Amino acid sequence: MRPEAATLTDLLVRAQRGDPQAWNEALPIVYDDLKQIAAAHFRQERSSHILQPTALVHEAWLKLIRTPGIGFQSRIHFFSFCSRLMRQILVDQARRRKLEGQPAPALSDSVPTLDLDEALLELEKLSPRQCRVVEMRYFGGMSIEEIADALDCSSRTIKRDWLAARTWLYQHLQSR
Amino acid sequence: MTPERWRYLTGRLGEALESGDPVGFAGGDGELLELIQAYRQSENWLAPPTADERLGATLLGRYQLLGTLGRGGAGVVYLATDLQIPGRRIVVKLLHDFWGGQDWMRKKFRDEAAILAKLDHPGIISLLDAGETEDGRLFLLMPYHEGRTLRDAMAQPIDTLLAARWIREAGEAISHAHQHRILHRDLKPENVLLVKRNGAESPMLLDFGIAQFGDPVTASRTTTHLMGSAFYMAPEHLLGRPEPASDLYSLATIAWEMLTGRHPFEADSPFALPELQRNGVGDAFFRLRPDLGLAAGRLLSRALDVDPKRRPMPAEAFASELADAIAAQGVDLRLARLWAVRRTRRGVLAGGALILAGAAGGGWLLRDRLKPLTPEERVIHYDGARSVEANGYRRMLDMYGEFLSEPGRPTGYRACRFFSKTQGVAAYPLTGRQKRSAFRNGWRMRALARPETGLVGVILDTAGFAPRFDLSVEKVPNGIEVMAVTQIERGLKGITLLLDTPRDGQLVELEMQYRPSSQSAVVRAGGQVVTDNYSGHLEYRQDVGPALFISIHREAQARGILGDTQFEILG
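As given, the protein sequences belong to chains A and B, one line each in that order. Residues in the first sequence are numbered from 79 upward in steps of one, following the numbering used here. Residues in the second sequence are numbered from 49 upward in steps of one, following the numbering used here.
In isolation and in its complexed conformation, chain B is listed as follows:
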């Protein structure tokens, strides 16, 4: 591009935009159409902080407006200094002209301001004054607090116990307002300021009630945040009928996001939201944070019920119960991985969450979840010299076996030769308690294997609890290839290691050891480390526990030997 060319295009774009019908104006000019499209996408981008003639002016002869803190659909927020008390900083919210245009609105504003001024709670920003400016604009005065917003804080994983405390305190603040018959109506992470109190951050709710005058859905469209207020609003609120339970709903979505790094309903647009809300969240929370136990997920699921009457009111009780449930689970968790997954695989997980939301896992509702596992629950041994069924495994897919008992072979192991023309799986069903314990404390799976044609290996699949861990061996021309599978769709991919072909009668030792601290497994084969950071794959989920499998890959028939296999829940 030359400067001349760009000058020409600048002119053309200007003419097109001024014509009122840019696309029609462009006709078949592809380059111009592309510019017009980019122009439209960038309309709210690089938002010019428009000059405001009010800056520098003095309000009520006392508050000098220093700068703009933000602007939204309802009005502009200024930072001001109190000329009567030097050094004191004040926040002034000046509502747009049109809100004060009608008498009924002015009355509503005054009525609500009167109630708001009575609220006195550390978790709610106080209203110092409200009224009309000399030229008839409605304004609100609030104290200025240093702090970051919850939105800023959520850029990084939030410590779970800290999140629990914030949820509890926010719930108390919301209930306080509800007791005074005031709804917040626009709870979202941007409206929660984290203010230092006694050296620790505590939430302070901003923009209560009238401060958020007018239609919040419209207001949110003018803000720069991609996730507008709508995503935090209850279904009835989106329909324009907010009630106290709507604030509870918003609190639950915020809590969810704090604890998982994701929004409970990941919709592409506000229009797709109602459908997701109707479907509810099911046990999705538990699947994301099994370590927090069942109670937290159940509470959140109730708070996100599409029917406001079924939500666990009041907000304070809900928040305190949720905080207790979280804190009770003794928390030692690294959320980093959850966050990483959210960043890289947002699309995949959004889709997954929808599916999960529909499938409720009744089997997990165990009362005895706190009781330690018995040795039988902890160690699941597969004896290669006994049948699949005799070991408590179930034959899931086409799989035939024969015991290896040829005389003269080294039999330091007990093994079975399996055959399959497609893929064969035998799996041991785990209880929800075993699965939870396995992923909270770690697990180890060991097997002896030898491929003849196709793949043989072991799997741990817990459908929704964690990715599927899948370790196989396959005979290749120059040896045997060990693979920790990371992807099945569109070809098999994984972390591989080439080993020498074992001598006759020898099996390869396979081992996966899962560490909850890194949410990944160390994989070893034949005494070598294949990878120390195997985090499984997400495809082909089946609700099984540890499994033996055999599968064709490049051949017509799979044949391989699996020896003694042990799955052990650690801790």
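Excised from the complex, chain A in its bound form:
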């Protein structure tokens, strides 16, 4: 059952603010669509530059807004929600591929998905917000302003978070 548009938006807003119940309720609504789209992209083994999560999220977004009965008042909430989901889907995919002995799909040449995921878990211990910022920016393709909006912070703070988080992740992955 698809909830009413207002309800879904509300769920997404609450999920974004860290309400685990809202997250769990909203998840199945978006997850299947997103996973299908991601799986199709992986199956077709398009070249790596096409495997941009942003493109996937956009496809999911376009698909959802065309679904009758679903409407989003806020694209930002949808994207911030999806960014976290996207990370999860891609990591699941990469793990499965690894188990099957196939090369894990990478989103870009220089950033192996599983390594990045592990590093993000470490970063989350230092700063949960920075971890969210990376998810939204890298997996969700959101702008600094959009992230600031979603997290109720100033753009300056988010920008600092993003630069520091990227630097930290880079150092962390380089030193491995």
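Please keep in mind that the hints were generated in silico from the structure rather than gathered at the bench. Note that the structure is predicted; figures quoted are calculated from it, not measured. Certain hints may be false.
Listing some non-contacts, in silico: residues in chain A with all C-beta distances to chain B over 12 Å [what the hints assert, rightly or not]:
no., residue
1, Asp88
2, Glu103
3, Asp170
4, Arg173
5, Lys176
6, Glu196
7, Leu199
8, Pro206
9, Gln208
10, Ala243
Examples of chain A residues lying across from chain B (beta carbon under 10 Å, computed) [unchecked claim]:
no., residue
11, Leu204
12, Ser205
13, Arg215
14, Tyr216
15, Cys231
16, Thr235
17, Lys237
18, Arg238
19, Thr245
Simulated restraints on C-beta separations [claimed, not checked]:
no., chain 1, residue 1, chain 2, residue 2, range
20, B, Gly527, A, Glu202, 38 to 46 Å
21, B, Glu180, A, Glu202, 18 to 26 Å
22, A, Pro98, B, Thr50, 20 to 28 Å
Beta carbons: idealized from backbone N, C-alpha and C, even for Gly.
Following the hints, put chain B in place on chain A, whose structure we already have.
Showing chain B alone in chain A's frame:
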């Protein structure tokens, strides 16, 4: 690190970056300086796929932009769906505002688009439409093709015959464009899409001419690939004067990379490139792929000539000749090792390639390379009871010998005792044809040896053809040590096996047998296998063939016996 500490550092890094002079701001704060340095290195890393307000929008009332396929200095490439033909996918390239800012540029864009639209070739992506959006941005429309790029394909060794076909087809496409007076201007593996046609992959060139509007050198800096376009550009092109022969040059660098797994000019930066280009490649290709014969290397060397007038135009003829030359060599080769070496020893080989590029091997330009070897060329026997010279060997370094003819000793062998106070070598010069044949078909080298003090052994060294294969025996306190040497610099290292000291009058049988399939040798000594995977070493190259040697290692004088030795080219 604690969360509090990291929050503090986040703030400090932010302040430093916002100050405009981060290093000055940091002063003597080492931790902050380190962060700033890492920040700078990571600037283009984890590139945020920035949100684009155009996504979801509809262009010309017909093409809905679904997602971003890529972005470069010139513009952004979108995947779009054609609302009028459901299911049809389209690629939209939207150029940045500044390209459309000036009238002359808009005119140039329109002129070139008109010509490009006329190109009709399976190896060139077609231009469906070009024009201006409602808000004045220049755009190009192209069909969407499933496929991987040549860059993706090159992550693994490419079958040689397949590479030959791709080179031929790419050459045809380039010539087609040249006949219409269009240059590609940015040929590189990223711009070659491999599209399935009749069940097989064929190259399709992307980003022709204007699609690559503006200055490609600048454009390439914004892409994520470490090897930017510059490494595929001809010298005159780097100077801003591309001509048809520049596309040929790029094709030759791509062909080289497909066939060897390496770039012909491995420079640390684009600034180091011109010097390498000026020096040319010499016979480096032949040294990397001797199995492909001389013609392919010569063609590539001409195509990579610094002077565009000396390159073998047109592209189609060059590519077809190169493909023929490759295919003519009947190909049964495992490139895996070449690839492995490239990964692990990139630095070493880059240096090596520079040296090789300068030293042209005139002796290899043999016309009769296809004629089979005669038995005399195939088997080189060294009779231990005759002098070095009488066996056709040359005394290369300090080495003295005496024949072993003491009565009463078992003389199932004919041997000579050698002496040296440094190192002595006697070598048999091989022709290029013999060397090529040896590494194409395999070879075997057998000897009888007995160390007294120092090392004695046999070597096969072909300077540039292959690593040097070097097998020695040395007397140690509890027996004799056999060593297949893998490294000479900073101490002798190798794969070793300890054998019992042979009884008086006995010699140890040594054998190396090289298999082209694995590009390594099986090494045996005294009837035991020392290693079945000996791939030689790269140091101290000398242009000799099979050689006998004796050398001091820990002692002041070397003394050892070498008996009958045979070098045989198999096949």
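Status of the hints after comparison with the structure:
1. With a closest Cβ-Cβ approach of about 23 Å to chain B, aspartate 88 (chain A) is found to remain outside the 12 Å limit, as its non-interface label requires.
2. Under the 12 Å C-beta cut-off, the non-interface status given to glutamate 103 (chain A) relative to chain B holds; the minimum distance is some 26 Å.
3. For aspartate 170 (chain A), the non-interface assignment is confirmed: its Cβ lies about 20 Å from the closest Cβ of chain B, beyond the 12 Å cut-off.
4. Every C-beta of chain B lies more than 12 Å from that of arginine 173 (chain A), the closest at about 20 Å, which supports listing it as non-interface.
5. In this structure lysine 176 (chain A) is separated from chain B by more than 12 Å, as the shortest Cβ-Cβ distance comes to about 17 Å.
6. In this structure glutamate 196 (chain A) is separated from chain B by more than 12 Å, as the shortest Cβ-Cβ distance comes to about 15 Å.
7. Against chain B, the non-interface label of leucine 199 (chain A) holds: every CB pair exceeds 12 Å, the least being about 14 Å.
8. With a closest Cβ-Cβ approach of about 9 Å to chain B, proline 206 (chain A) is found to fall inside the 12 Å limit, against its non-interface label.
9. Under the 12 Å C-beta cut-off, the non-interface status given to glutamine 208 (chain A) relative to chain B is violated; the minimum distance is some 7 Å.
10. Some Cβ of chain B comes within 12 Å of the Cβ of alanine 243 (chain A); the nearest lies about 8 Å off, and the non-interface call is violated.
11. About 4 Å separates the beta-carbon of leucine 204 (chain A) from the nearest beta-carbon of chain B, less than 10 Å, and the hint is met.
12. The restraint placing serine 205 (chain A) at the interface with chain B holds, with a minimum CB-CB distance near 6 Å, inside the 10 Å limit.
13. The interface hint given for arginine 215 (chain A) holds, since its Cβ lies 5 Å from the closest Cβ of chain B, which is under the 10 Å cut-off.
14. The beta carbon of tyrosine 216 (chain A) comes within 6 Å of a beta carbon in chain B, closer than 10 Å, and the hint placing it at the interface holds.
15. A hinted interface residue such as cysteine 231 (chain A) counts as satisfied when its beta carbon comes closer than 10 Å to some beta carbon of chain B; here the least separation is about 13 Å, so the hint is violated.
16. Nearest Cβ of chain B to the Cβ of threonine 235 (chain A): about 8 Å, under the 10 Å cut. The hint holds.
17. Because the closest C-beta pair between lysine 237 (chain A) and chain B is about 8 Å apart, less than 10 Å, the hint holds.
18. Contact between arginine 238 (chain A) and chain B, as hinted, is supported at the beta carbon level, the nearest pair being about 3 Å apart and thus within 10 Å.
19. Because the smallest distance between the Cβ of threonine 245 (chain A) and any Cβ of chain B comes to about 4 Å, under 10 Å, the interface hint for this residue holds.
20. The beta-carbon spacing between glycine 527 (chain B) and glutamate 202 (chain A), approximately 60 Å, falls outside the hinted interval of 38 to 46 Å.
21. Against the hinted window of 18 to 26 Å, the Cβ-Cβ separation of glutamate 180 (chain B) and glutamate 202 (chain A) comes to about 46 Å, which falls outside the hint.
22. Between proline 98 (chain A) and threonine 50 (chain B) the C-beta distance comes to about 26 Å, which sits within the given range of 20 to 28 Å.
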